[in-house]
Amino acid sequence: SAVISQKPSRDICQRGTSLTIQCQVDSQVTMMFWYRQQPGQSLTLIATANQGSEATYESGFVIDKFPISRPNLTFSTLTVSNMSPEDSSIYLCSVGGQGIGNTIYFGEGSWLTVV
Amino acid sequence: AQKVTQAQTEISVVEKEDVTLDCVYETRDTTYYLFWYKQPPSGELVFLIRRNSFDEQNEISGRYSWNFQKSTSSFNFTITASQVVDSAVYFCALSEAANYGQNFVFGPGTRLSVLP
Chain A
1 SAVISQKPSR DICQRGTSLT IQCQVDSQVT MMFWYRQQPG QSLTLIATAN
51 QGSEATYESG FVIDKFPISR PNLTFSTLTV SNMSPEDSSI YLCSVGGQGI
101 GNTIYFGEGS WLTVV
Chain B
116 AQKVTQAQTE ISVVEKEDVT LDCVYETRDT TYYLFWYKQP PSGELVFLIR
166 RNSFDEQNEI SGRYSWNFQK STSSFNFTIT ASQVVDSAVY FCALSEAANY
216 GQNFVFGPGT RLSVLP
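Chains A and B are the protein sequences, given in the same order.
Final position of the first sequence in the working numbering is 115; the numbers increase by one with none missing.
Final position of the second sequence in the working numbering is 231; the numbers increase by one with none missing.
The hints are simulated quantities; they were obtained by calculation from the structure and are not laboratory data.
It is possible that some hints are incorrect.
[Said to hold, decoys possible] Between beta-carbon pairs, the in silico distance windows are:
1) B/Pro156 to A/Asn102: 40 to 48 angstroms
2) A/Ser18 to B/Thr124: 29 to 37 angstroms
3) A/Gly52 to B/Pro155: 29 to 37 angstroms
4) B/Thr124 to A/Pro8: 26 to 34 angstroms
5) B/Ala212 to A/Ser5: 38 to 46 angstroms
6) A/Ser81 to B/Ser157: 23 to 31 angstroms
7) A/Ser18 to B/Thr146: 39 to 47 angstroms
8) A/Phe61 to B/Pro156: 43 to 51 angstroms
9) B/Glu174 to A/Gln22: 30 to 38 angstroms
10) B/Gln198 to A/Pro85: 17 to 25 angstroms
11) B/Glu125 to A/Pro85: 21 to 29 angstroms
12) A/Gln14 to B/Val129: 39 to 47 angstroms
For clarity, every value in this text was computed on a predicted model and none was experimentally measured.
Note that CB positions come from ideal geometry on N, CA and C, so glycine has one too.
Could you build all of it, start to finish, from the sequences and the hints given here?
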């Protein structure tokens with residue numbers, strides 16, 4: 001298994017500001033992903049965080065709004081830029097790979113409320 | 116295209132009752148993986164089980180059991196003798212073998228409330 005830590009766990013943000021969420025894993029993993037879960041909804045994949053290169057974004061998500069970094073195999077950040085109330089969601093980091101049994105594990109999530 | 120359907124939006128049971136959460140999936144791939152996750156009110160997603168498409172054996176883990184039937188494209192989850200701590204949203208998910216992890220598709224979730 002993998003232990004995934006996300007920071008911050010919760011935050012209240014002002015409209016127009018940006019916030020960076022960190023994801024730290026206790027072991028090297030092949031795959032890291034970022035998901036968004038809007039209130040009362042299921043999870044939607046934002047992007048795949050690629051080590052040492054630009055993230056791969058899903059339809060409807062763009063780098064300018066959700067810049068992602070992944071400097072190594074255990075760490076990634078997601079920034080939510082120029083936030084609006086519609087960005088109020090839980091943002092979850094997930095990881096996968098052979099080293100952790102090929103299962104996809106999730107972090108505790110970061111609850112963002114934009115006011 | 117992949118799709119996961121969880122027809123039960125919300126279920127309420129009284130403690131000690133058994134409850135089954137339904138999951139029906141669609142995929143064109145012959146090799147794929149099915150998952151169940153639990154999301155308690157605190158928000159984290161807790162991994163419960165992963166099953167690959169070649170393994171149709173049912174699985175039991177304590178009070179949890181899973182029934183995988185390829186013939187009906189279903190992967191149902193049963194909680195026996197439910198407890199209040201089982202109250203959560205449960206998600207069924209599917210990942211095809213190609214681009215494993217990147218093409219993860221979640222169902223809409225089933226909110227289970229276990230009443231004392």
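We went through each hint and held it up to the structure:
Taking the beta carbon of each, B/Pro156 and A/Asn102 are about 29 angstroms apart, not inside 40 to 48 angstroms as hinted. Look at A/Ser18 against B/Thr124: about 35 angstroms separates their beta carbons, and that is inside 29 to 37 angstroms. At about 35 angstroms, the CB distance of A/Gly52 to B/Pro155 agrees with the hint of 29 to 37 angstroms. A hinted range of 26 to 34 angstroms holds for the C-beta pair B/Thr124 and A/Pro8, which are about 30 angstroms apart.
In this structure the hint that B/Ala212 and A/Ser5 lie 38 to 46 angstroms apart at CB is violated, the actual value being about 29 angstroms. One distance hint, 23 to 31 angstroms for the beta-carbon pair A/Ser81 and B/Ser157, holds here, with the actual separation near 27 angstroms. The hinted range of 39 to 47 angstroms is satisfied by A/Ser18 and B/Thr146, whose Cβ atoms lie roughly 40 angstroms apart. Checked against the hint of 43 to 51 angstroms, the pair A/Phe61 and B/Pro156 fails, with Cβ atoms roughly 27 angstroms apart.
With their beta carbons about 35 angstroms apart, B/Glu174 and A/Gln22 fall inside the hinted range of 30 to 38 angstroms. About 37 angstroms separates the C-beta atoms of B/Gln198 and A/Pro85, a value inconsistent with the hinted range of 17 to 25 angstroms. About 26 angstroms separates the C-beta atoms of B/Glu125 and A/Pro85, a value consistent with the hinted range of 21 to 29 angstroms. Look at A/Gln14 against B/Val129: about 44 angstroms separates their beta carbons, and that is inside 39 to 47 angstroms.
In terms of the numbered hints stated before, the structure departs from hints 1, 5, 8, 10, listed from lowest to highest.
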